[in-house]
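As you go down the protein sequences, you meet chains V and A in turn.
This note's numbering numbers the first residue of the first sequence as -8 and each following residue consecutively.
This note's numbering numbers the first residue of the second sequence as 317 and each following residue consecutively.
If you're looking for bench data, these hints aren't it; they were derived computationally from the structure.
Hints should not be assumed to be uniformly reliable.
Which chain V residues stay away from chain A? Per the calculated CB distances, all over 10 Å, these [claimed, not checked]:
1. Ala24
2. His46
3. Pro93
If you want a taste of the chain V side facing chain A, the calculated C-beta under 10 Å gives, among others [said to hold, decoys possible]:
4. Thr(-6)
5. Arg(-4)
6. Asp1
7. Glu13
8. Leu22
9. Gly45
10. Ala48
11. Thr97
12. Asp100
13. Ala104
14. Glu106
15. Arg107
Chain A side only, calculated, beta carbon under 8 Å to chain V, not exhaustive [unchecked claim]:
16. Ile332
17. Leu361
18. Gly382
19. Ala408
20. Ile473
21. Ala477
We put the CB at the ideal spot given by N, CA and C, even for glycine.
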Amino acid sequence: MRTPRAAFVDFPLGHTSGKPFEPELQREIVLAALTMATEPLAPATIRPLGHRWGHDAWRENPMGGGGGGAAGAPADGAGSASSGAAASERRTDSRVERFDTPQYQTEDDARLAAERLGAEVACAACVGFDA
Amino acid sequence: MDDERSGRPSTAVDYIAETRATYDALGYPPYRWVASTDDPPLATLTKPLAESRVALIASGGIYRAGQIAFHFKDDASYRVIPTDTPTEELRATHFAYDLRDARRDINVVFPIDTLRGLARDGVIGGMTDRAYTFMGGIYSTRKVREELTPALRDRVIEDGADVVLLVPV
């Protein structure tokens, strides 16, 4: 993808606009990105913002995916630099099944949506929900 | 060495290589990445941020309690999130990233409090009335190019946005 301009945040997936509960860091990142819109830049400029996550353990399994990864915490003990074997071991199919029904964060969300919209609302119709 | 044009700090994870290796190891055919080589159209803001209305579009699978959550099979739909939505009503669902932090503080993928704070302090002129969310990991580039992107473009223009902040995951 080539966007007109982009700010690059070198954090684990799922932390595009900062770390949780760090409003000042979140503000710095968002403001740095927005400020780029005011500058004359070459098209598709990507500006690395230079913030550091604090440890690099997450880079060992960057494709951790749907809840299994350890982005928020240092790897527990497993230790040492990854050998080739360790690297291939982690290439198991950790991907989440591609469910074709809505994947609610909580059961309450599912109940609430069903109450408001009807339990039978088909997902194929969920384009542009204003509800 | 960091280079602003290529934007690739030496530490950056190479997700394309990672995905390729994962697919190889699982015996799947290679993932067909879409690459764009054309320069994107570029417009620069003609007024200060303090006078600009900012729109927010995020792809981290954010929805509001009471809306239908995203599903994981090529879901190219989007949700409309009023920008005065209480933060505690925001949820996240996605198959491809660790959701724990997003579910503790949605601002890590949907900087709504951040933007509201910038608006309150006069750093930006304000937010448009609606934010838009979808769930990345859409395999159909046709749906994205022909349906999702034009729909979102039309909506932010209709909302009177001067600048759009895209927050991908």
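Here is how each hint holds up against the structure:
{"no.": "1", "hint": "Ala24", "verdict": "violated (6 Å)"}
{"no.": "2", "hint": "His46", "verdict": "holds (12 Å)"}
{"no.": "3", "hint": "Pro93", "verdict": "violated (4 Å)"}
{"no.": "4", "hint": "Thr(-6)", "verdict": "holds (6 Å)"}
{"no.": "5", "hint": "Arg(-4)", "verdict": "holds (7 Å)"}
{"no.": "6", "hint": "Asp1", "verdict": "holds (6 Å)"}
{"no.": "7", "hint": "Glu13", "verdict": "holds (9 Å)"}
{"no.": "8", "hint": "Leu22", "verdict": "holds (7 Å)"}
{"no.": "9", "hint": "Gly45", "verdict": "violated (13 Å)"}
{"no.": "10", "hint": "Ala48", "verdict": "violated (12 Å)"}
{"no.": "11", "hint": "Thr97", "verdict": "holds (7 Å)"}
{"no.": "12", "hint": "Asp100", "verdict": "holds (5 Å)"}
{"no.": "13", "hint": "Ala104", "verdict": "holds (5 Å)"}
{"no.": "14", "hint": "Glu106", "verdict": "holds (8 Å)"}
{"no.": "15", "hint": "Arg107", "verdict": "holds (5 Å)"}
{"no.": "16", "hint": "Ile332", "verdict": "violated (11 Å)"}
{"no.": "17", "hint": "Leu361", "verdict": "holds (5 Å)"}
{"no.": "18", "hint": "Gly382", "verdict": "holds (5 Å)"}
{"no.": "19", "hint": "Ala408", "verdict": "holds (7 Å)"}
{"no.": "20", "hint": "Ile473", "verdict": "violated (15 Å)"}
{"no.": "21", "hint": "Ala477", "verdict": "violated (11 Å)"}
Consistency with the previously given hints fails for numbers 1, 3, 9, 10, 16, 20, 21, ordered from lowest to highest.
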